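Full structure from sequences and hints, please.
If you want my numbering, it's the 1-based position in the sequence shown plus 1421.
FYI, nobody ran anything at the bench for these hints, they're computed from the structure.
Quantities reported herein were computed from a predicted structural model and do not represent experimental measurements.
Beta carbons: idealized from backbone N, C-alpha and C, even for Gly.
You may find that some hints are simply not true.
[Said to hold, decoys possible] Pair ranges (Cβ atoms, derived): (1) 1541 with 1598: 19 to 25 Å; (2) 1522 with 1579: 27 to 33 Å; (3) 1551 with 1528: 25 to 31 Å; (4) 1483 with 1600: 27 to 33 Å.
[As the list claims (entries may be wrong)] Derived DSS-like pairs (lysine-lysine); straight-line CA-CA distance at most 25 Å: (5) 1568 with 1478; (6) 1548 with 1559; (7) 1559 with 1654; (8) 1654 with 1489; (9) 1469 with 1444; (10) 1469 with 1541; (11) 1478 with 1559; (12) 1444 with 1478; (13) 1493 with 1478; (14) 1654 with 1493; (15) 1469 with 1492; (16) 1444 with 1489; (17) 1469 with 1654; (18) 1606 with 1568; (19) 1489 with 1469; (20) 1478 with 1654; (21) 1492 with 1654; (22) 1541 with 1638; (23) 1478 with 1606; (24) 1606 with 1654; (25) 1469 with 1493; (26) 1478 with 1489; (27) 1444 with 1654; (28) 1492 with 1478; (29) 1548 with 1654; (30) 1493 with 1444; (31) 1484 with 1444; (32) 1559 with 1541; (33) 1541 with 1444.
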Amino acid sequence: MAGHSKWANIKHRKARQDAVKGKAWSKCSRAIMAAVRQGGPDPETNLKLRYSIEDAKSVNMPKDTITKAIKKASGEGSDAASYEEIRYEGYGPGGVAVIVDCLTDNVQRTAPELRRSFEKHGGNLAKQGAVSFGFSSKSVILIEQSKIDEDSIMELAMEAGAEDIRQEDGAWEVTGDPADFISLKEGFEHAGLEVDSAEVTMIPGTMVDCDVEAGRKVLRLIDDLEESDDVQKVYTNADIPEESMNE
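Shown next as C-alpha cells:
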C-alpha cells in the first residue's frame, strides 16, 4: 500500500504478515500455482513465477513449501486448482483510490465479499478502469538508509538499470521497470547489500492526503480486504500519516 511513509507502511505490513503467516503462505502458494499453470514451472523462463517466488520468500515461506506448490500446479488432475486473475477497483474512505488484485476459483464469491468490505468501511466498488489509470506498475526496492551511502547506492542503482532513486523516511527507494525487477534486486544482493523490501507494485501518480482518523479508516479497509483468501494485493493512493498505524 502507498502512504505518507512507504518505509513505515512496509514495517506495518510485515508486522501484520507475521501475525497471519499461515494466510500469507496460503496466498503465496495460490499465486505460485497460478503462475505455473500460465507459464510453466521454470522460473528462468516464467517471469510471473519468479515474482511469485520472491513474494513467498519475503514472508519467509519455506523453500520446500514453494517447491511443493510448483509441483502441485505442474501435475494433472483435480489437485491442480485453476484460478482466475481479476482486478477490482473502488473508492475507500475520503475518496481514496483502491485497487484489489485477486486470484479466485469462484468469481461469484469474490465480488460480493469485496463489495461488503468496501461498503462496511465507507467505500464502494467501481467499474474496471475507474482508478487504475492513475497508477503505474513499477519495481520498488527499499533499503535501510544506514546500510549504504548515497554515492554507493547511486552507482549500484545505475548499474542495475534503475529509473529513479530517492531518500524516503530513513530508507532508499529505488524504482524501475517491472521487467527489470529481478536484475534490480539481484544487483544489490550480489553487491552484498541486504534488501529490506522488493516487489512489483502499483505506484499512484498523485496522492490523497489523509488525516489520522481517515488514515485509520483506510487501514481498516485494507486489513479487511486482505482477510479474504482471494485477495493477493491491495494498492491505494492514500497518503497515510504514520500516527494512523499506531492503533
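Practice task
For the pair we were handed, residue 1492 and residue 1478, check the Cα-Cα distance against 25 Å.
Solution key: holds, 17 Å
Exercise for the section: Measure nothing beyond the straight line between the CA atoms of residue 1489 and residue 1469; if it is 25 Å or shorter, mark the hint as holding. Expected result: Given pair residue 1489, residue 1469 holds - Cα atoms ~17 Å apart, limit 25 Å.
Handout entry: Supplied distance hint 27 to 33 Å, evaluated on CB atoms of residue 1483 and residue 1600
Key = The hint (27 to 33 Å, Cβ to Cβ) holds, given that residue 1483 and residue 1600 are roughly 28 Å apart.
Practice task
Would you mind confirming whether the straight-line C-alpha gap from residue 1493 to residue 1444 stays at or under 25 Å?
Solution key: holds, 18 Å
Problem - Given pair status - residue 1559, residue 1548, alpha carbons within 25 Å - result: holds, 23 Å
Exercise for the section: Starting from residue 1559, check that the Cα of residue 1654 is at most 25 Å away, please. Expected result: Holds: residue 1559 and residue 1654 sit about 14 Å apart, inside 25 Å.
Exercise for the section: Measure nothing beyond the straight line between the CA atoms of residue 1444 and residue 1654; if it is 25 Å or shorter, mark the hint as holding. Expected result: Given that 25 Å is the threshold and the Cα spacing comes to 13 Å, the pair holds.
Handout entry: Straight-line alpha-carbon gap residue 1541 to residue 1444, limit 25 Å
Key = holds, 22 Å
Handout entry: Restraint status (C-alpha distance of residue 1606 to residue 1568 at most 25 Å)
Key = Holds. Residue 1606 to residue 1568 sits at ~15 Å (cutoff 25 Å).
Problem - Given hint residue 1541 paired with residue 1559 - CA-CA distance at most 25 Å - result: violated, 30 Å
Handout entry: Hinted pair residue 1478 and residue 1606, Cα distance within 25 Å
Key = Answer holds: residue 1478 to residue 1606 is near 13 Å, not above 25 Å.
Practice task
Could you say whether the range 25 to 31 Å given as a hint is met by the Cβ separation of residue 1551 and residue 1528?
Solution key: For residue 1551 and residue 1528 the Cβ distance comes to about 18 Å; the hint is violated.
This entry does not satisfy hints 1, 3, 10 and 32, going by the numbered hints stated previously.
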